[in-house]
Amino acid sequence: MSTRLRTVLISGVRHAADYLRILADDDRVHLVGLIEEVGAPDWIRADSRAVAEAAGLHYSEVDDAAALASSLSGVDLAVVCSEPVRHARLAEATLGAGVDVLVDKPVATTLGDADRVLAAAQSNGCMCAVMNRTLAPATQRLRSWVGAGHVGLPRHLDLEFFASGAHFSTSVERPELVVDPALSGGGEILNFLGYSVDLAYAATGLDVVEVHAFADALFLEPHRLNTVEDTAVISLLLERDVTVSITLGRVPYAPGGTATTSSARLLGSHGHAIVSDDEPAVTRFGAQGATTLADDAGQVAARAYLHDVVTSVLGRTSPQYDITDARRTAVVIDAVYRAVRTGDVVRIS
Amino acid sequence: MAAHSGEVGIAVVGTGSFAEEHLRAFAQIPETRVRWVIGHNLDRARAVATLAPGARVAASLEEALRDPEVVAVDVVTATPTHAALTIQAGQSGRHVHVEKPAALSLADLDAMIDATEGAGQSLLVGQTVRFQPAVSALGAASRGGEIGTPRLAHITWYTGHAWPGGWRAWQLDPTQSGGHPVHNGTHIIDAATWLLDDEPVEVFARGVRTFSPAMESPDSFHIQLRTRNGSLATLELCYALRSRGDILRRLVVVGTEGTLTHSTSHEDGLHSDATTAPPPSVEGALRIQLAHWLDVIHGTARPAVTTTQVRAALATALAAQRSLISGRRERVEDVPGYTPEPQIPTRGAAS
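From first to last, the protein sequence lines stand for chains A and B. Count the first sequence with this note's numbering and you get residues 1 to 349, in order. Count the second sequence with this note's numbering and you get residues 1 to 351, in order.
Watch out, some of these pointers could steer you wrong.
Pair by pair, the computed Cβ-Cβ distance ranges are [unchecked claim]: (1) A:S73 x B:R242: 25 to 35 Å; (2) B:H271 x A:T292: 43 to 53 Å; (3) B:E267 x A:E176: 39 to 49 Å.
From the structure, some residues in chain A lie toward chain B, with a derived Cβ separation under 10 Å [unchecked claim]: (4) L135; (5) P137; (6) L206; (7) D207; (8) L218; (9) A232; (10) D241; (11) H270; (12) L314; (13) I348; (14) S349.
These are computed hints drawn from the structure, not numbers from a lab. By construction, the Cβ of each residue, glycine as well, lies at the ideal position given by its N, Cα and C atoms.
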């Protein structure tokens, strides 16, 4: 392996600018290019090219998966930033080429695809990292507090995750990447639920055994037009009869100081705990009223995780979150969509 | 409704700790006079009646109802007795205030309504949450259109442990309390119904026992629901925080044009080694609630908590208890006695 991690992006339509900015700040990383598929729609190719040019990266296109594999010669890490429905196929091709990969979330849009990515990582002996928020300070703080025994045994979690629809046109490169099932694979359950499921696992170490969910397009016209949910309320039963409620959505105005806001309340056998991504924060008062000054927890978590992934590739160790974790979460997301469709609880074997 | 002018003579039925709270609240409300305290244990009734100087005690409501100065009856007893006492008071022409949950079945509630409102008197159910200052303000904003149409509610309602009576407590027995979603869940179910201005039609509930695995009623639970117009809610309730007197109240209401929040975690606290004062967002709610009842009796206000809303909340709570047992999603319309109430939405009505 080279001294610096030779890194390419595969597609650049989703979160690529954010990840490039973070990776470019890491002296251990050498960004060598951005690869797109020639068969992708014109607008995707144009968007990927624009991202590459803005970052000063070489842009190239490949005909198919075989060509993609051969184009990765000499590459240490590939970062998949396509629309979600291509994640699994591009990850499989990369792993098949024997190259470590970092996939944007969700790792796959179906459970079957997630299984294939996991199998590809295992059979090729490569690292498959998946973007997540488990290194957000609030999540780490909660995990440490539980780990220290301050609340006894966790019994229940009340989780909330909101994104502001007011920022939809700026926080998402193109809204259709989230709402058009042909690109996104689903709605905000697929887009966001993984964060809460990961948090529940981080705090308890327990698997989900049953789910129930209500979901609908309550607020936003793009979701309604594409018949995908913008909001969901979800109940999880974990092992050992621990319970979790999740309230999530892309709502007109999220109740936080940044584009996304997340909080958790944990009831334990011997105490309770509260954490929030919105804190610490400073409030500024001015002509526009009160403004909250706080770090964007999603950005903080992304920076921490990308650092961890680079460290892992260079040191041939495992990242703190990988395809095994992402596959565990994909099982829950799959079950939640089935619960929404059937209007009943769904057991996870 | 027959209004009453001047001082209101009241018979308080019940001698438990919450009846004492009612008597303390009445003492702060002008134009009220508690004339009777009713309880089976007269020694206990006499002790409680010291909070209302001049009040007499009796073992049955019947004796107090022979007093023509008694205009209104406040029922602060265990839930199974609510219906009979309310009906008895209503049939004697008295206004009635009854603690929540009003009844253990829709049939009982309907009979209570018939005996009171149906005869021209008032029936106010003690949904104290509505009168907590922060909830009241949040409701006024939500129902006043400040966030467009409310579509999503997330209510977290955690309380320091409160299980008086040990294993003898009637509250632990679902046949007497209705189960925890009915006994305490009506607080948050009513709040959600009111804030979303809509009637729940489907619910799912899950419980947790943090105190003891042998509890028949879980001390904590969450309910998720969908309303007739498709709004959603997560309602969390816990009566098992480690420190007695501890409170965590958090409300989020998301509308089409804005979001409202309130959390007690943002409020300054009054603490000492001996006690903790309720946060200002909660304090004084019972006095405000009972003062409102007096206004209703005087004919100067319409009930802020309508019996139509109470019926919707009780039906939802009963459905949640069914869900807790079945482990499945339950339809509110499957609750015995359920009938849809098209007049539930009351945007702009008294709040």
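Consistency of the hints with the structure:
A hinted range of 25 to 35 Å for the beta carbons of S73 (chain A) and R242 (chain B) is inconsistent with their spacing of about 59 Å. Between H271 (chain B) and T292 (chain A) the beta carbon distance is about 27 Å. The supplied range of 43 to 53 Å is therefore violated. The supplied range of 39 to 49 Å is met by E267 (chain B) and E176 (chain A), whose beta-carbon atoms lie about 43 Å from each other. Annotation: L135 (chain A) was flagged as interfacial toward chain B, and the flag is violated, the nearest CB pair being 24 Å apart, outside 10 Å.
Look at P137 (chain A): its Cβ only gets to about 18 Å from chain B, farther than 10 Å, so that hint breaks. About 13 Å separates the beta-carbon of L206 (chain A) from the nearest beta-carbon of chain B, more than 10 Å, and the hint is not met. Hint status for D207 (chain A) relative to chain B: violated, with the closest Cβ pair at about 16 Å, above 10 Å. The interface hint given for L218 (chain A) holds, since its Cβ lies 4 Å from the closest Cβ of chain B, which is under the 10 Å cut-off.
For A232 (chain A), the shortest C-beta to C-beta distance to chain B is roughly 8 Å, which falls under 10 Å, so the interface hint holds. The criterion of a C-beta within 10 Å of any C-beta in chain B is met by D241 (chain A), whose closest approach is roughly 7 Å, and the hint holds. For H270 (chain A), the suggested interface contact is upheld, since its CB lies about 6 Å from the closest CB of chain B, less than 10 Å. With a least beta-carbon distance of about 42 Å to chain B, the hint placing L314 (chain A) at the interface is violated under the 10 Å criterion.
Violation of the interface hint for I348 (chain A) is found here, the shortest Cβ-Cβ separation to chain B being roughly 14 Å, above the 10 Å cut-off. Because the closest C-beta pair between S349 (chain A) and chain B is about 17 Å apart, greater than 10 Å, the hint is violated.
Hint violations for this structure: numbers 1, 2, 4, 5, 6, 7, 12, 13 and 14, all remaining hints satisfied.
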